[in-house]
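K.L.:
All chains, full assembly: derive it from the sequences and hints.
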Amino acid sequence: MRRLFYLLREAWVNMRINRTTTIVAVLTTAFTLACVGIFLLLYVNLRNAAGLLEEDVRVMVYLEDRLPREARQDLERTLKIDPMVAEVLFISKEQALGEFRLQFPSESHLLDGLGENPLPASFVVTLAPNFRSPDVMKEWGERVQTMEGVAKVDYNQEWISLLARLIGYIELAAIGVGVLLSAAAVTIIGNTIRLALLARWEEIEILRAIGATRTFIRIPYFLEGAMLGACGSALSLVILKCAFELFRQQIQLTSRFSGIEDMMSFFPLPMCVALVLAGMGLGFAGSVVSLLRIGEGRT
Amino acid sequence: MDAIIQLIHVSKWHDRKAALSDVTIEIDKGEFVLLMGASGAGKSTLLRMLIGEEQPDEGQIFVHGKNVTKIRPSEIPYLRRKVGAVFQNFRLLPKKSVFDNVALPLIVQGASEKDIRRKVTEALRAVAVDHKNDQLPDSLSTGEQQRVCIARAIVNGPVVLLADEPTGNLDPERTREIMELFKLINARGTTVIVATHDPQVLTQVNRRVITLRHGVLLSERRAREGVGA
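Sequences listed follow chains A and B, in order. Here my numbering is used: the first residue of the first sequence is 6, the next is one more, and so on. Here my numbering is used: the first residue of the second sequence is 11, the next is one more, and so on.
Heads up, some of the hints might be wrong.
[Claimed, not checked] Partial chain A-side listing against chain B, Cβ under 10 Å, derived:
no., residue
1, E210
2, T218
3, K246
4, A248
5, E250
[As the list claims (entries may be wrong)] Beta-carbon label-pair distances, calculated as ranges:
no., chain 1, residue 1, chain 2, residue 2, range
6, A, L282, B, R198, 46 to 56 Å
7, B, S122, A, C277, 32 to 42 Å
8, A, F10, B, G40, 52 to 62 Å
9, B, S84, A, A188, 28 to 38 Å
10, A, I43, B, P83, 39 to 49 Å
11, A, I180, B, Q70, 53 to 63 Å
12, A, L13, B, D25, 39 to 49 Å
13, A, V182, B, P83, 32 to 42 Å
14, A, I209, B, D38, 28 to 38 Å
15, B, H141, A, M276, 51 to 61 Å
For the record, the hints were derived by calculation from the structure and aren't laboratory data. C-beta atoms are modelled at their ideal positions from N, C-alpha and C, and glycine is treated no differently.
P.N.:
Structural data, given as structure tokens:
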């Protein structure tokens with residue numbers, strides 16, 4: 006117990022002795038990890054948005070004009086028993102016209118001039134959750150397109166593919182930036198530990214002379230590195246949260262992208278904990294690098 | 011008597027200069043040995059080798075039955091726990107109290123809280139600085155600091171106590187006190203080796219004397235019976 010207390014206290018004393026270096030290390034680590042966090046936040050939010058859009062994706066199956074009632078009912082039955090389909094809703098030509106007038110009241114006069122209702126009847130098909138990926142949707146659409154009585158199958162394939170590609174790029178950028186900046190964080194913490202080691206070199210010599218093992222000597226420095234990493238990571242989350250709220254507030258004020266602020270979300274709590282733990286791991290890695298480089302391992 | 015320390019044809023060179031040259035010594039369990047010689051005679055090199063801080067270039071060293079020349083680095087800390095060391099410059103941690111300094115070897119070994127309290131109190135009482143428990147080393151006199159250093163060296167009951175110029179920073183009166191303390195520790199069964207260049211110590215301690223000059227074993231003198239303490 007006293008041994009554990011001693012090791013924890015030594016780590017704390019190390020940080021207090023090199024207070025300025027410790028503060029600088031925590032701040033630089035925090036800003037470095039915040040940069041990684043921006044990409045991560047963007048990635049998480051785009052993934053959420055893509056998820057919401059996928060949930061909202063409906064395929065429009067437009068029917069040929071003057072399709073007999075029986076043929077339409079046959080088609081509806083075929084679609085309803087399809088395991089990939091969750092819901093089918095019929096929109097008649099009249100309903101389509103009514104909706105158009107409702108949504109675009111100023112343009113509704115354009116249709117008046119045409120005389121006959123030009124809008125086709127359609128089925129609004131919602132696919133089952135497991136079949137909403139762009140590839141599966143494309144395949145399903147091509148299959149339905151060949152069915153009798155179907156004039157056209159329409160869905161936002163391009164938009165969904167574009168979003169998927171964008172998410173892929175951001176994922177790559179997040180990994181690249183994450184690796185680079187994590188290496189920077191490891192170096193920053195490693196240098197802080199190195200300074201702490203040099204400042205307490207004589208003490209280390211004394212510990213070695215009285216029979217302290219390498220592990221015993223190293224543990225306070227490992228703990229210090231882990232603590233620096235965790236503090237830096239926690240502070241980076243605070244910075245990100247402030248920036249995130251400020252950004253959301255700005256969007257609300259400008260009311261340009263109404264609704265988008267509800268789709269935006271910060272990291273969930275388990276992810277915040279995971280990020281602090283990741284910071285802790287980076288700090289620990291910094292200590293290991295530093296202790297190996299400085300050759301404390303000599304007996 | 012059983013030999014607790016054996017040096018067999020030990021040689022060591024520092025920058026092509028012989029720090030120790032073909033030295034063979036045997037020290038028995040419970041002996042008190044004065045290692046005499048001027049500065050640069052090889053005393054400190056010899057002591058450093060006994061705790062695995064340096065390795066000889068030739069020869070073999072046995073401490074408490076362990077061949078130090080073939081010891082694995084991971085075993086060295088455990089060797090040092092059996093061999094207490096006292097230094098000329100005390101090497102105390104300035105920001106830790108006297109109690110915490112002396113407790114350090116026990117903490118390192120993972121001793122229980124109860125054992126630490128008991129053994130540290132005993133060690134501090136043995137060197138007569140138990141009343142300075144909570145003070146910082148810098149607030150003590152040099153003699154007291156050396157006593158704390160000795161307490162730290164004996165707190166975990168080592169089989170051998172090495173002292174490298176322990177009286178180098180002390181006046182004659184404090185030197186006499188410290189040597190008396192070593193005799194007391196030796197009387198309790200600990201093998202004591204004191205390296206010194208101070209001939210005054212010889213007059214205070216009538217024990218085995220090993221003299222080194224330029225790394226060579228110059229002479230050996232056994233204790234004269236009935237003379238001195």
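K.L.:
It remains to establish, for every hint, whether it holds in the given structure.
P.N.:
Hints versus structure:
1. E210: holds (8 Å)
2. T218: Nearest chain B Cβ about 5 Å off; hint holds.
3. K246: Violated: closest Cβ of chain B sits about 38 Å from K246 of chain A, beyond 10 Å.
4. A248: A248 of chain A check fails; min Cβ-Cβ to chain B is 41 Å, beyond 10 Å.
5. E250: violated (43 Å)
6. A:L282 - B:R198: 46 to 56 Å: With a Cβ separation near 52 Å, L282 of chain A and R198 of chain B satisfy 46 to 56 Å, so the hint holds.
7. B:S122 - A:C277: 32 to 42 Å: Holds, at about 39 Å.
8. A:F10 - B:G40: 52 to 62 Å: Given a distance of about 37 Å, which is not inside 52 to 62 Å, the answer is violated.
9. B:S84 - A:A188: 28 to 38 Å: Given about 31 Å between the Cβ atoms, the range holds.
10. A:I43 - B:P83: 39 to 49 Å: holds (46 Å)
11. A:I180 - B:Q70: 53 to 63 Å: holds (56 Å)
12. A:L13 - B:D25: 39 to 49 Å: Once the Cβ atoms are compared, 43 Å apart, the range 39 to 49 Å for D25 of chain B and L13 of chain A holds.
13. A:V182 - B:P83: 32 to 42 Å: Given about 41 Å between the Cβ atoms, the range holds.
14. A:I209 - B:D38: 28 to 38 Å: Between I209 of chain A and D38 of chain B, where Cβ atoms are some 34 Å apart, the hint holds.
15. B:H141 - A:M276: 51 to 61 Å: holds (57 Å)
Hints 3, 4, 5 and 8, counting from the list given before, are not met by this structure.
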